[in-house]
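K.L.:
Sequence:
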Amino acid sequence: DGSPVTIWQIATTVSMIRAGMRLVPDAIYAALHCHHGLRLAGLAIVPSLIEALVVAVTSYFTLGYPIIWALCLGFLMCPNSPSVITPPMEGLMMAGYGEDKNIGVLVCGAAGLDVAFSVSVFDICISLLFQKKDLDTSQMFQKGAYDILIDLGGGFV
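Here the sequence shown is numbered in the numbering used here, starting from 4 and rising by one per residue.
Please note: incorrect hints may appear among the correct ones.
Stated by the list, open to error - Distance ranges between label pairs, derived from CB positions:
1) Q145 - W72: 16 to 24 Å
2) A98 - F64: 24 to 32 Å
3) V49 - S84: 15 to 23 Å
4) L132 - L152: 32 to 40 Å
5) S141 - Y100: 47 to 55 Å
6) L56 - T9: 35 to 43 Å
7) E102 - Y149: 15 to 23 Å
8) D103 - G67: 45 to 53 Å
9) I71 - A98: 38 to 46 Å
10) E102 - D137: 48 to 56 Å
11) V49 - Q134: 27 to 35 Å
12) Q134 - S84: 29 to 37 Å
13) P90 - V60: 31 to 39 Å
Because the hints were derived from the structure by calculation, they are not lab data.
Here a beta-carbon is modelled for each residue, glycine too, at the ideal position from N, C-alpha and C.
When you get a sec, could you build the whole thing from the sequences and use the hints?
P.N.:
Printed below as a string of structure tokens:
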């Protein structure tokens, strides 16, 4: 019964390798080191943040979740899998759409950043949720900043 999982993993691996082969390092460098870096961050962070906040507000008011549980649910539901985004984007790139502005490179780069952002914020919410002691607001922000630094350090490793 492990064959459907294996086939799914192979398909995901092939699509991610094909998507990575289409990325242009110069375009990624240019996107990160000029005003396009804001576009890349906007493509990755803004939709995830809005989706997570909508889910959090909805679950807070309709299901009666505490706000931290609602945020955990929102950031758990918001990441988009790059293996879902990159195959259609790859088809559009092969057809020549957006090549002059490297839109495909930006979207594929934003897909990975979207997941990293969502997982990092979910990790922060979980760490705040399972504190052993009560924290006031300033201590929560300090704990969140500390967790962000730890996540960034782990990401660079």
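K.L.:
Each hint: holds or not?
P.N.:
Each hint, compared with the structure:
no., hint, result
1, Q145 - W72: 16 to 24 Å, "holds (22 Å)"
2, A98 - F64: 24 to 32 Å, "violated (43 Å)"
3, V49 - S84: 15 to 23 Å, "holds (18 Å)"
4, L132 - L152: 32 to 40 Å, "violated (19 Å)"
5, S141 - Y100: 47 to 55 Å, "holds (48 Å)"
6, L56 - T9: 35 to 43 Å, "holds (37 Å)"
7, E102 - Y149: 15 to 23 Å, "violated (42 Å)"
8, D103 - G67: 45 to 53 Å, "holds (50 Å)"
9, I71 - A98: 38 to 46 Å, "holds (45 Å)"
10, E102 - D137: 48 to 56 Å, "holds (55 Å)"
11, V49 - Q134: 27 to 35 Å, "holds (29 Å)"
12, Q134 - S84: 29 to 37 Å, "holds (31 Å)"
13, P90 - V60: 31 to 39 Å, "holds (32 Å)"
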